[in-house]
Amino acid sequence: GAGVSQSPRYKVAKRGQDVALRCDPISGHVSLFWYQQALGQGPEFLTYFQNEAQLDKSGLPSDRFFAERPEGSVSTLKIQRTQQEDSAVYLCASSGAGGPKEQYFGPGTRLTVT
Amino acid sequence: KQEVTQIPAALSVPEGENLVLNCSFTDSAIYNLQWFRQDPGKGLTSLLLIQSSQREQTSGRLNASLDKSSGRSTLYIAASQPGDSATYLCAVDPHQAGTALIFGKGTTLSVSS
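Taken in order, these protein sequences are the chains called A and B.
Under our numbering, the residue at position 99 of the first sequence is numbered 99, and the numbers go up by one with no gaps.
Just so we're on the same page, our numbering is the position in the second sequence counted from 1, plus 114.
These are computed hints drawn from the structure, not numbers from a lab.
Note that this is a predicted model, so its numbers are computed, not measured.
A hint or two may mislead.
So, partial list: chain B residues that the calculated Cβ filter (under 10 angstroms) puts toward chain A [claimed, not checked]:
id: 1; residue: 142
id: 2; residue: 157
id: 3; residue: 160
id: 4; residue: 182
id: 5; residue: 190
id: 6; residue: 205
id: 7; residue: 207
id: 8; residue: 214
Ideal placement from N, C-alpha and C gives every residue a C-beta, glycine not left out.
Chain A extracted, bound-state conformation:
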């Protein structure tokens, strides 16, 4: 595909359920980022991969959040035992290896925890 895709676009989970959010980056992009965007706020960094290596996970809010990119392409963000404060839009972005490293964003997954 031409851009970053994410699925599902919308997810409603009951408190305590586990969820998995998927990101398909632009083909060939080595860097992949996950951000969390609360209502009315700018996106905030969660974690960063370069190929399959998770180089920075300092933004993950708790040990309930886990991300992986096992083959260096598709990535999954997993949230265990969801809480209401996890409700947000989760954005994925990718960037190429060279140049100014412009980040390209997917449409996001809106997670609502009830």
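Given chain A, work out where chain B should sit, using these hints.
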């Protein structure tokens, strides 16, 4: 710690006006700065990227400037149209390797016809 601030938080203008959105950042040691547009319920669309060595970038009716020493960037929109209505986000990349962007909270623009 790098902080990004955008002023104003919201702006309403009539169609045809030229306008300026402001972005300030506390640490001038940045790699690049990006301006994004976000429509309601949608992801981010990159508008312009200014590298740290550049002073401005232009795309159509948009012009973004960067003054690293003062920690400021502006996004100038000429001849605004109702289709420009959206939230505009400014983000800085603080690292040489191109890592996590630090975003402002955005300016929500409404252009009336």
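Kindly indicate which numbered hints from before are broken by the structure, ordering the numbers from low to high. 1, 4 and 5
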